[in-house]
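Peer 1: Given the coordinates of chain S, work out where chains P, H and R should sit on it, guided by the hints.
The listed protein sequences derive, respectively, from chains S, P, H and R. Residues 1 to 184 (this note's numbering) make up the first sequence, in order. Residues 185 to 1169 (this note's numbering) make up the second sequence, in order. Residues 1170 to 1585 (this note's numbering) make up the third sequence, in order. Residues 1586 to 1677 (this note's numbering) make up the fourth sequence, in order.
To be clear, the hints were calculated from the coordinates, so they are not data collected in a lab. Hints may contain errors.
Stated by the list, open to error - Result set (DSBU-like, lysine-lysine): computed pairs, CA atoms no more than 30 Å apart in a straight line:
1) H:1418 <-> P:1060
2) H:1266 <-> P:1100
3) H:1189 <-> P:698
4) H:1233 <-> P:605
5) P:1060 <-> P:1138
6) H:1392 <-> P:605
7) P:1129 <-> P:1100
8) H:1392 <-> H:1233
9) P:684 <-> H:1418
These numbers were taken from a predicted model, which means no experiment stands behind them.
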Amino acid sequence: MVRDYNNRHALEQKLRSAPRPAAADHLMVGHWRAMATVLARAGQAEAVRQSIASVPELSLRFSGPGEWLVVSEVEAPSGLVRRLEELCDGGAYVVDQSDGRVVFRLTGPNVRSILAKGIGLDVHPATFSLGGSANVLCGHIPVNLARTDEDTFELIVPRSYAESLFDDLMRMGRAFDLTAAFSD
Amino acid sequence: MSGYRLSSGGLIDRSKTLSFTFDGSPLRGFAGDTLASALLANDQLLVGRSFKYHRPRGIVSTGPSEPNALVTIGSGARTDANTKATVAELYGGLTARSQNRWPSLAFDIGAVNGVLSPFLGAGFYYKTFMWPKQFWERIYEPFIRRAAGLGRAVLERDPEAYEKSWAFCDLLVVGAGPSGLMAALTAGRAGLRVIVADEDFRLGGSLLSTSETIDGAPASVFADRTVAELQSLPNVTLLSRTTVFGWYDDNVFGAVERVQKHVAEPSSKLVSERVWRIVAKRALLATGAEERPLVFGGNDRPGVMMAGAMTTFAERYGVAAGKTVALFTSGSAGYRTARTLSAKGVAIAAIVDARAESGDQAPDGVRVIRSASIVDTKGRQRLKGIVVERSGFEELIACDALGMSGGWSPVVHLACQRGAKPVWSEALKAFAAPDVGGGLRPVGAANGIYTLAGCLSDGAEKAATIAADLGFNAVSAAVPVVDAEEASSFTALWYVPGAKSKAFVDFQNDVHAKDLGLALREGFGHVEHAKRYTTNGMATDQGKLSNINAVGILAGMRGVSPAEVGTTTFRPFYTPVSLGALAGTARDEHAAPARKSPLHGWAMKNGATFVEAGLWHRSAWFPRAGEKTWRESVDREVLNVRANVGLCDVSTLGKIEVFGPDAAEFLNRLYCNPVLKLPVGKARYGLMLREDGFVFDDGTVSRFDEAHFFVTTTTAMAGPVMAHMEYCAQALWPELEVRFTSSTDQWAQMAIAGPKARAVLQQIVDGDISDGAFPFLSARKIVLKSGVAARLFRISFSGELAFELAVPAGNGEAVADQIMEAGRPHDICAYGVEALNVLRLEKGLLTHAEFDGRVTPDDAGLGRMLSMQKVDFIGKRLSTRYGLTAADRMQLVGLKAVDADKDMRAGAHLLKEGTKPSTLNDQGWVSSAGFSPVLGHAIALAFLKSGRERYGEKVIVFDKLRDQEIVAEVCDPVFVDPQNAKLKA
Amino acid sequence: MRYSAFSLVRNALSGNLNWKPQWRQPQPKPHYDVIIVGGGGHGLSTAYYLAKEFGVKNVAVLEKGYLGSGNVGRNTTIVRSNYMLPGNEPFYEFSMKLWEGLEQDLNYNVMLSQRGVIMLYHSDAQRDAYIRRGNAMWMEGVAAELIEREQLKKMIPFLNYDHARYPILGGLLQRRAGTARHDAVAWGYARGADRHGVDIIEHCEVTGIRRENGVVTGVETTKGFIGCGKLALAAAGNSSRVGEMADLKLPLESHVLQAFVTEGLKPCIDHVIVYGGGHFYISQSDKGGLVFGAEIDGYSSYAQRGNLATAEHVMEEGVTMIPGLSRVRVLRAWGGVMDMSMDGSPIIDRTSIDNLYLNCGWCYGGFKATPASGYCFAHLIARNDTHPVARALRLDRFARGYAVDEAGAGPQPNLH
Amino acid sequence: MASLITCPHCGVRPKEEFAVRGDASRGRPEPMDSDETWHDYVYVRVNPRGRTFEHWHHVAGCRRFLVVERDTATHEVYSVVDAAEFARRVER
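The following block holds chain S by itself, in its conformation from the complex (with noise of 0.2 Å):
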C-alpha cells in the first residue's frame, strides 16, 4: 500500500487503526495519486485543455480559468509532470502537488445528503453532472470536489487540511454510519 518506503501519508494517523468492513457510504481515501496543476499561458487555454482531454487516463479537475489540477491514476509524480509538460507543449506550467494534495472519494446512496451538509453547491444530477468538477468550499476547508460516478464524489484537499476535512466528513456522515479506509 505504500507509495516507497519513506513516505507519510497525512492520514497514517487517522486512519492506523484496523477499518470497520465498509458500510453502504463508505470514504475512501487515496493512499497517493499523481497530480499537477497545469496553468495556460494566455490564450492557450482551450488547446491546453483539448489534448490533457484526449488522454483517457488523465483526468482535469478545473480549478480555474484556464487552470486545472489533473489527476493520473497510472503515472508518478515525475512522470505526470513530464508527460504534461510534452502534451502543452509549452502552452502551459506545470506544477507537481501530488505530496500537497490528499483524494477523498466518497460514494453510497445518501453522498448527497452528507455533502450537502458542507458544501453550497447543488450537486442534484441536472445542475452538477457526472465529469464534473469545481473548488468549493466545505464547511471551512477549500476542496476540489468531481463527480466521478452517479454516486462518488472526490474531494481533493490541501495536504495540510486532510485530517480537519477527514473528521468533518466522518461527523457528515455519522447519521448514515460512514465508513473510512485507505483505497489501495
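Peer 2: Same frame as chain S, but now just chains P, H and R:
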C-alpha cells in the same frame, strides 16, 4: 376545574400515555400533545408570570405567538429556558418548570410590582434612580438586574450536536396548511424540486384543527392523504418541525429543524437541531393568519385565550379549555369556536359580540349579547367570570374560560425581512404582504384568503403558475371540494373602551393600553418610539399578538389610519433560534480547521510542544528530560544552534510558484526592492508594501529559471499575500503574462542552521554545497542522495550558517529523520518557533511583531531597500508622504536592560528618564523582547521616536500592567554578530 | 419638566396623565446659527453641548426619520476607552469621563453600567498587543489590568477553557468600561438639547446644500429651505450622500454590521466579553437579553440588514467562546450602516468649504464616542478650533500620512 | 447578492466563498499622476447609495477577482465579470 380532556376526538394517540412533570408535579398526556395541551388537559391553567408585574398568566395560544406559557424544559446541561409550551412536543419524561417567580408560581413575591405599577409606567426608569449618583451602580442597578429576564440559562457545555445543510429547490413552500399542501402537491406532481417546511411536528396546519370536511371526510384525512402522496414523490422533501426563520437576499431562506428536541433520549448519531440554508428559485409564503386578541380590562386572567386556540385544543388535542366557556368576538371566529365546543358538549355561557349585528350563527340556545364589551374579568389565578357592559349596564357572567377573537392578520413576517414594509389593506383590516416580486408570494390565509376552499385553490393556482414559469408542464391538480364552507368576517376592534382594570396589549412585557397613552403624551407617538419606550412587541414573541393592536391603538389616539402609523420593522428571526443550531459544527476545537505540517509527525516523535499559529499547529519547543520550564528548553536550543546545529520546521511559510515571461516585471512591481535582475539560482530578501506605503509582508524571492520564480511569505500572511498577488495580476496589470499557484502544501521545508549545518547537510545532499559552490543566497533545485528531488536555499533567519531544504511533503519526515541521524555526531537538535524567535531577536531580524501595519521600511531600518529608481511599485507613491518620512517617526532600535537581572516585556512603552507617564511623553514601545542566552540578559526590539539618533541613551521601559519600570540602554538592533561573519561562513 | 423623586410620585398619583413631551415638535425657523444634519446620538449630543457648554442656542437638528432611528438605536451599547494609539486614547477617555457624569448632567437615566470590558487573548502575540494597549491606556492615566488565565477562570468560569480551538490565555480588563441604554442616550440628549432651546425637527430630510460664493448658506429639505450660519454634518452611514451635496469626497465606505439579542434571561453574564479568536463580543442588558455581535458583513451597503452567512459565523464564535450559549435562543438581528473610514478612526473637522463641518467615520464604534464626539464637534463649530483630544482625527491626516490605524490594516475599510 | 454570487467561471456560489476587496470603479493611477489623484485612489470613495462596482475575490473557488456591479441599497446584482476583462474593457 377548568381545562379537561374530552372523552373522545382529537388527533392524539390515546393508547400512548406520556408521563411528564410541571414544577415537580407528575402529570400525564398523550402522544400527539403539546406541553400546552397536556397542561390544559390537566387543568394547569396558571403556567407563568409576566415580566414586569409578575402577574399570573395562562396559556393564550397554540402556536409560536404564545406570550405567556414560557417554561424551562430539561435539566442540567440540557436546560432550555423560555420554551413556549404551545410548540413543545410532549414526550415521556419531559420535565418543565415555570419561570420568573419566587418562591413559587402560585405565590410570587415579585407580584408586589403590580401594586407599585403607577410608579412603574412605561419608561419610568429613565426618569429615576439618579439620586444620589453613586446609588445607581451600587443599589438600583443590581436590583434592576436581579429582576431582569425570564428563564435561567445554565451556561454549561451543551452535550448535543448541531449541523447545517444546504438545500436547493425550484419551489419552497413555507407552511403545510391547506394552501401550502395544495401548492406542494401541484408543484410536486408537475416535477418541480419542492421543499415543504412547517414548524409543527404534524403537517396539516389548520386542516388539523377545523371541523370542516373535505370530500366528505375530516380535513385532517385530506392532510394525511396529501402528505402521504408528497412523501412518495422523489422530487419532494417534507420538513416537519422546521421553522423558516429568515428570508435573505437571492431568495435564500434560513430554516431550523428540531431533529431531536422531542425525544427523551437523543441518539448520538443524530444532531439536536439542524439549520437549513435553502436556495429556492421560487417560494410560497403559506404561513396562515394570526388571530388578534382583544384589549379589554382584565384580559390577561388565566383562562382567557384566543378563540382559535380553544378550537385547536378541542379539535386537535381533544382538550376543552373550560367547563363553561364564554366568547368575546368582533367577528365570526367566536361563533365558530362556540359551535365547535358546543358540539363537543362544552357549555357556552355567552357570546359577547362587539358588533351590532352579523349573520353569524350561534349554537342553539346560546345567548348572544351584541354591541357589548367586556370591561373586567373576575378571579385571581384563574378566570371565574366576566363583566359585560352593554348600553351602560354591566352584568357579571360566570365562566371559567373566555375565548377572544379580534379578527385576523396574515402572517407576512418573512416577506418583510428585506426592507419592504407590509401594506395596510382596508379590505382585510390588516397589514398584508408587500409585493416583493415573484421570488416570494403569499398564498392562502397569508394572502388574506380566509376560506378553506379559497386557500386550497389559491395554493393550486399559484403553484401551477410557478411551474409554468419555470418551464414545467403543470397539470392543474383537481382542487378537492370543501363541504359546507363557512364564511368568515370581522370588524377591527383595537381597544375595548371602559376597562375597569389593566387592558394588556403586550402580555409578556406587561404593556397595557395606558402605557401607549403615556408614550404618546411624552412624544413617543411614532410606532418605533412607542415600541422602544413601552417595550411593546420586544418580548420573546416579538409582538406576534400585540403589535397590530398597538398600531391600532396608536392610530386611534393620533386620529389617523393604521396605514399612517405603520408597523415596526420585521427582522429575522421569525421565532427565536438557538445559537447552537446557527453555529452548527464549527465550534470548540473545530471552530476553525487545523492545518498540520508534513513534519508534524516528526515533531511529535521529537517531543515537540505545539502552538497555534493561525490555522497551523507549529512546533514551539522540544523539551528534554530534566527541563522544567519552556525557557530552559528554548535556551538550550538557541545555544545549540549557535554552537552546533539545529533543525527547524518552516513548512508553514507560504510558497508560491510564479511563471511567465512577465514574471520578473510583475514581481518587480510587487516588491519595493529590485527583483528584475535577480540572477537564476539566487534568492533575495524582499519587502512588499501596501499601496499606502506601509510594510505589508516580507519574505524571499528566488529564481529557478528565467520564467520561474519562487516566492515565500510569512506564515501569517500567506493567504493575504496570495490574494494581493492575484489582485495585482488580474485587476491591476492583466496585460502582464504571469501565472502563479500556491505550492505551500507540496513541500516539507526545514531550516538547518548552525556552524555545523553544512557538515550535516552535505551527508544528505548529492553535490557540492561548500561556500564557493553554494554561497549565501543561493537557490537551486537539487537531488538528495536518496534520490529525492529537492530544493535548497542558502538563507538564514538566525544569523547562523543556514540552509532551507524543501522536499516533497510525503518525504519530509524521512528526510528530517535522516538529517537528525546525520547530525547526531554534530549534536544536532530540533528547535521550534520559540528558539527561532530568540535567534532572530538576537540578530535584529523582524517579524509581524514589528511589521504591525503601521511601520514603514525606514522605520524598520530597511529604508535602503526602497528602490526609488523603479518607475513604479505598489506603495511607492504614497511612501513619500510627509507623515511617513518625518524625522520624529518611531524607529527600530535595540534595548538592553541596564540591570542585567531585569527582564523586559513586549508591549511596554518607553519614556525619557525623568518624565512622567503621559500620552504626550510616550516615546515608543517594545515590539519584541526576550532573554538572550548568548548575551545572558534581556534584550528587546523597540520603536523609539527618532530612535536611530539615540543609541546610548537610557530610557525607561514602562510596563504599568505589571507595575514595572526599568531602565534600558538604546542600542543597535543587531545584538549578535553584526558583521554577519557566521552567516557567510 | 425636571425629573425628580417628587415629580415621579406626583405624576404617579395623578394617573401619569400630566407628563409632557420629552422634546417639542417645532416647525423649522427660516434661519439658524447652526444646523446639524442627523438626529442620531452624535448630532443630538453636538446640539446639546453647543447650547449648554458653548452658548450657541439657535440650533436645529434635522433628522430624516424619527429621532434616533439610525445606529444609536441599533448597537451593542458598549462604552469603553481601551484604545492603543495616542490619536485615539485621549479622545475616548474624554468620552468615558463625560459618560460618568451624563445622567446628572442630562437629568436622564441612560443606565450607564460600568461592569467592565474584558478582551480575551489567545496567543503570545495577542497578549503582547494587549500589553502594548494596556500600557498606552496607563500613559493616559486610564486603569487597565492584565488578567491571567487562572484568575480569569475564577472571574468568568463559563468561558471555554478546555475545548477551545484557540486557548484562552487571559484578558485585558478595563473595569470602568461597560454599557449604557442606547435609546435613552438619544432621548436624553434630545430632551437636554430641547430644554436649552434647540429645535429638533424629525422627518425632515436634507435634499441639498445651498452655497453662495463658496460659503454654505443653508439646506434644502423636505420641509423647505432652511438657512444657517454654519452647517454641521453628523450623518453617520449617510455621510457620503450628504457630503456629495456639497461636492465633498470622503474617505468612507458604508458597511453593514449586524447585532443580535437573545431572549431575556436571568443575569448570567456580568462583563462585556470580547473574543480574541475573532470579533465576537457579548454583554447582558438590564432587561436580561444577551446582546452580541462580531464582524461587519464585508461589502458596502446601505441596506439595514445583514446576511445569514455572517450571522452564522457570529454564532460560531459565540458558542466557541462560551459553550453554554449553545441552547440560548437568539431573538432578533439588526443591521446598522457603518461609516467605515480608511483607517478605522473617526473624522471631526472643518471642510474645504467655509462654514461646513464634518463628523463621520465612526466605523462600528460610534456609540461609546457619543458624548466626546458631540462635545468636540461643538467645540470646533463654536470656536472654529479643534478640541485638543480630537487633534489627530482631522480629515487631512490621510493626505499627510498620519492615519490613526488601530488595526494596522491600511486603507481597506472592511478590515478595520 | 449578499447570499449568492454568480461567478462567471464557477456558477452560483455562496457568499462565504468570497472576500470583498472594495471599490472597483477606478483604475490605478499612472506613476506620474498628481498627488491628489493618488490620494483619491487610495483613500477616497464615492460610496454611492445605488449602483456600484466592487471587487469580489472568489477565494474558495477559482481565485479570480470579479467585478460585481450591484445596488448598495437593494443588493440587486446587475453583472459579474472577471476583473481582468473589466480592466481591459475600461482600458478601451
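Peer 1: Given the hinted pair residue 1233 of chain H and residue 605 of chain P, is their alpha-carbon gap at most 30 Å?
Peer 2: holds, 18 Å
Peer 1: Assess, step by step, whether the Cα of residue 1189 of chain H is no farther than 30 Å from the Cα of residue 698 of chain P, and give holds or violated.
Peer 2: Since the Cα atoms of residue 1189 of chain H and residue 698 of chain P sit roughly 15 Å apart, the hinted pair holds (cutoff 30 Å).
Peer 1: Are the Cα positions of residue 1060 of chain P and residue 1138 of chain P separated by 30 Å at most?
Peer 2: Not OK: residue 1060 of chain P and residue 1138 of chain P at ~35 Å, beyond 30 Å, violated.
Peer 1: Is the hinted pair residue 1392 of chain H and residue 1233 of chain H satisfied, with a Cα-Cα distance of at most 30 Å?
Peer 2: The given pair, whose Cα atoms are some 10 Å apart, holds under the 30 Å limit.
Peer 1: Please work out if residue 1392 of chain H and residue 605 of chain P have their alpha carbons no farther apart than 30 Å.
Peer 2: Measuring from Cα to Cα gives roughly 24 Å; hence the hint holds.
Peer 1: Between residue 1129 of chain P and residue 1100 of chain P, does the CA-CA distance stay at or below 30 Å?
Peer 2: Between residue 1129 of chain P and residue 1100 of chain P the Cα gap is close to 17 Å, so the pair holds against 30 Å.
Peer 1: Is it true that the CA of residue 1418 of chain H sits at most 30 Å from the CA of residue 1060 of chain P?
Peer 2: holds, 23 Å
Peer 1: Are the Cα atoms of residue 684 of chain P and residue 1418 of chain H separated by 30 Å or less?
Peer 2: violated, 61 Å
Peer 1: Would you check the hint for residue 1266 of chain H and residue 1100 of chain P, treating anything up to 30 Å between C-alpha atoms as holding?
Peer 2: holds, 22 Å
The structure fails to meet hints 5, 9 from the earlier list, while all remaining hints are met.
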